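Listed below are the residues making up each chain.
There are 2 protein chains.
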Amino acid sequence: MLETIFKHRTIRKYKSTPIDDSILEEILKAGTRASTTGNAQVYSMVVTRDKELRKKLWETQFKQDMVREAPVVITFCADVNRFSKWCIHRNADPHYHNFLWFFTASIDALLASQNVALAAEANGLGICYMGPTIYMARKIIDILNLPKGVVPVATLVVGYPDEEPGLTDRLPLEGVVHYETYKDYTKEDIDRIYAEKEALEETKELLLINEKETLAQIFTDNRYKKDDNIHFSKELLQVIREQGFMGDEK
Amino acid sequence: MLETIFKHRTIRKYKSTPIDDSILEEILKAGTRASTTGNAQVYSMVVTRDKELRKKLWETQFKQDMVREAPVVITFCADVNRFSKWCIHRNADPHYHNFLWFFTASIDALLASQNVALAAEANGLGICYMGPTIYMARKIIDILNLPKGVVPVATLVVGYPDEEPGLTDRLPLEGVVHYETYKDYTKEDIDRIYAEKEALEETKELLLINEKETLAQIFTDNRYKKDDNIHFSKELLQVIREQGFMGDEK
Numbered sequence: 003m004l005e006t007i008f009k010h011r012t013i014r015k016y017k018s019t020p021i022d023d024s025i026l027e028e029i030l031k032a033g034t035r036a037s038t039t040g041n042a043q044v045y046s047m048v049v050t051r052d053k054e055l056r057k058k059l060w061e062t063q064f065k066q067d068m069v070r071e072a073p074v075v076i077t078f079c080a081d082v083n084r085f086s087k088w089c090i091h092r093n094a095d096p097h098y099h100n101f102l103w104f105f106t107a108s109i110d111a112l113l114a115s116q117n118v119a120l121a122a123e124a125n126g127l128g129i130c131y132m133g134p135t136i137y138m139a140r141k142i143i144d145i146l147n148l149p150k151g152v153v154p155v156a157t158l159v160v161g162y163p164d165e166e167p168g169l170t171d172r173l174p175l176e177g178v179v180h181y182e183t184y185k186d187y188t189k190e191d192i193d194r195i196y197a198e199k200e201a202l203e204e205t206k207e208l209l210l211i212n213e214k215e216t217l218a219q220i221f222t223d224n225r226y227k228k229d230d231n232i233h234f235s236k237e238l239l240q241v242i243r244e245q246g247f248m249g250d251e252k
Numbered sequence: 003m004l005e006t007i008f009k010h011r012t013i014r015k016y017k018s019t020p021i022d023d024s025i026l027e028e029i030l031k032a033g034t035r036a037s038t039t040g041n042a043q044v045y046s047m048v049v050t051r052d053k054e055l056r057k058k059l060w061e062t063q064f065k066q067d068m069v070r071e072a073p074v075v076i077t078f079c080a081d082v083n084r085f086s087k088w089c090i091h092r093n094a095d096p097h098y099h100n101f102l103w104f105f106t107a108s109i110d111a112l113l114a115s116q117n118v119a120l121a122a123e124a125n126g127l128g129i130c131y132m133g134p135t136i137y138m139a140r141k142i143i144d145i146l147n148l149p150k151g152v153v154p155v156a157t158l159v160v161g162y163p164d165e166e167p168g169l170t171d172r173l174p175l176e177g178v179v180h181y182e183t184y185k186d187y188t189k190e191d192i193d194r195i196y197a198e199k200e201a202l203e204e205t206k207e208l209l210l211i212n213e214k215e216t217l218a219q220i221f222t223d224n225r226y227k228k229d230d231n232i233h234f235s236k237e238l239l240q241v242i243r244e245q246g247f248m249g250d251e252k
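Top to bottom, those sequences are chains R and F.
The opening residue of the first sequence carries number 3 in this note's numbering; numbering runs sequentially from there.
The opening residue of the second sequence carries number 3 in this note's numbering; numbering runs sequentially from there.
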């Protein structure tokens, strides 16, 4: 267990080797063992293996090739549709078309996704979480026929690794952990916490390639830019509304 | 790994035995190995062991006793505060005070939380995710001194189990998995998927105790009621706004 967690690396190159049904079933079952709000299981996992569909999903994921190369793409969705239908068929009056339940269902979906990721890795598979899912949710909804009450919140590609990357750096533990209550960060704290990351050879190369002074500027100017943040933020809220999750909000 | 995942049960009764610092550190480090958006690590983990603070947190968690009994409470927060401060001190212009980044940071926090939960269980500890965190976020923000840019999204209590519950039931895999695209549920699908859960002895007892016709009614009338959903949904959105995460939205 711990070895799997501490060995995790994101895999960006995959073999085309398919995943046996029995292994796939085991990792999906692992997803269902994660904690879930009131045992309501308000999530769904959409497993896409069809080549044409994966090509469509690849387009939504800013054409990052692992989505076409890996044999399996799993889309984790916040889903109150199934639960609400059950209520209706059982003479109960569901009221889950609001932001609280969008977020509740997202928590369920994300805990399940991390179990699936780890169970895949424990089986010798590699995984990659695809960031663009929440940027391109509307297109994914179209491709996967997601009904009202369902929003994709995370995508995993899964397959046999065709590379062996090293571990990625992380901030020291004191950078992300607070004891008792939150202690806000002074300039000195920030300098100390980010020192190791900023001193990496990899960081120096990035600065040269991108012609930037600081690593932070690569985040703000290149990777996660103001205009994109504004655009995709509005889009995401709009998708949540369109999928029927703002029934109690203006 | 797989054994830990498949053996997971929520623990509601704890011994007062403290957790060794070295074990606590290992499970927190396990949290940091989870995937994180662009390796930005936009989350924080607040570890609360102080008895008085845990009592205050217990009050926010609808006074569920495990929060006072277990020796450690970990609050997982969406956090763009540290990352934004780093940008500012590095001559970069952060723009992460919007809904997109609230959700991005929530994903980071939740993936980390599931790694912590599993690493705890692999060390013989028990865990319980506390549902009320997103209902009572404002009070938790006060207790833990969370600054702007930080919202609690999940709480784990962690400690040595003082009970040995069996596995909780789950829907059959076909109930939560779709192949290729989403297939919406017919009445027959719902009947089949929920049959096992509805036939459980435990369900029959719940119906008797609650004087209800169907299990779904226990969810809609007792556990997750319309008025509460409306109230807490507005509260949660308001807290997200107050913490500065709706800078680009009206």
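One or more hints might be untrue.
[Stated by the list, open to error] The calculated lysine to aspartate or glutamate pairs, modelled on EDC-like cross-linking and capped at a C-alpha distance of 16 Å, are:
id	chain 1	residue 1	chain 2	residue 2
1	F	Lys-31	R	Glu-251
2	F	Lys-58	R	Glu-251
3	F	Lys-236	R	Glu-251
4	R	Lys-53	F	Glu-182
5	F	Lys-53	R	Glu-176
6	R	Lys-9	F	Glu-28
7	F	Lys-9	F	Asp-171
8	F	Lys-189	F	Asp-171
To be clear, the hints were calculated from the coordinates, so they are not data collected in a lab.
A quick note: this is a predicted structure, and the numbers were derived from the prediction, not measured.
Item to check | Hints violated by the structure (listed by number, smallest first) | outcome: 1, 2, 5 and 8
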